[in-house]
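Trainee: For reference, the chains in residue letters:
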Amino acid sequence: MSFNIDAVVSDMASAIKDVTGSHWNKVKGTADQFLQNRKESLALIAELRITGELSEEKFKSRLQDEKLIAEAQLNALAVISKAIAQKAANAAIEVLEKAAKTALGSIL
Amino acid sequence: MKKLNQQQVSSRLFFLLTILSLFYLASCRVAFIPNYNATISKNIETTAKQVDKFYLTMLEKTTEEDGGRNYDKFTEEYVEIEVEINFILNQNKVRPLNKNSTRICEITLELWQKYKKEHKTDNTLSNGLIRLNRKSFSDLFYAMQVAEEGKKIAANPPQ
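Chain order of the listed sequences is A and B.
Residue 1 is where the first sequence starts when you use the numbering used here, and the numbers rise one by one after that.
Residue 109 is where the second sequence starts when you use the numbering used here, and the numbers rise one by one after that.
You may find that some hints are simply not true.
[Unchecked claim] In silico PhoX-like cross-links for lysine-lysine, where the CA-CA straight-line distance does not exceed 20 Å:
no.	chain 1	residue 1	chain 2	residue 2
1	B	K207	A	K87
2	A	K87	B	K222
3	A	K58	B	K224
4	B	K260	A	K67
To be clear, the hints were calculated from the coordinates, so they are not data collected in a lab.
Just so it is clear, the structure is predicted and the values come from calculations on it, not from any experiment.
The shape of chain A in the complex, shown without the other chains:
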């Protein structure tokens, strides 16, 4: 079984962009760190397969585990995206609150 680490990491980067949407620029630093981590892990898995420390069966199993770890990282990025959206929504509500106070003051 062969795989191209750079192609896998590139696919992961696309998945991250999909999850984070318009917040991509704000999560890019963390996302890059996550991608670098996965790249190192995949390289280590490949090395262990070549040296025979991982059997074919365990090699496939570890690749499945990598998918789970990537899923965990996507969940972490989703939290950051939600936090940014929450901050923005509440900032907009604050503007509305101030406008309402001003309007109320003018008629009372």
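Knowing the structure of chain A, use the given hints to seat chain B on it.
Mentor: Using the frame of chain A, we list chain B on its own:
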């Protein structure tokens, strides 16, 4: 003072009610995630260090040759760490709006149990697998911590 006719009163009343409705709406706050929890963050940090020490000690102080990595030599630490991961999972599960952090903990627990079972079945662990396991958990705890620290952004703008 000029007397208001009924139409003017109705119009002012409508405007007042509109403003009061806006006021009520503005007093609401949007929440997509729970607040940052410093206790959970500390527990993640402590457990991450415990797991790192577990694998580093195994790598530095034991070898496969003399049966130094037989499963029964590590049973107690496996159980202690699993209890800690389970605890963090339950702390996250009970918080509303927290499905992302909960999922990260579920994955961490699933892989911890899987690698424990592998060690038990093989009754040893090679240097390469120790390095790989250590890396996998380091990445998972980092994701867990990023998710918890990320919740601070909701209260403070990103720097």
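Trainee: Hinted pair, alpha-carbon criterion (20 Å max): K58/A, K224/B. Please report holds or violated.
Mentor: Roughly 14 Å separates the two Cα atoms, so the pair holds.
Trainee: Given the hinted pair K207/B and K87/A, is their Cα-Cα distance within 20 Å?
Mentor: holds, 19 Å
Trainee: K87/A and K222/B: Cα distance at most 20 Å?
Mentor: Violated. K87/A to K222/B sits at ~38 Å, over the 20 Å cutoff.
Trainee: If you draw a straight line from the CA of K260/B to the CA of K67/A, is it 20 Å or shorter?
Mentor: violated, 27 Å
Comparing the model with each numbered hint stated earlier shows that hints 2, 4 do not hold.
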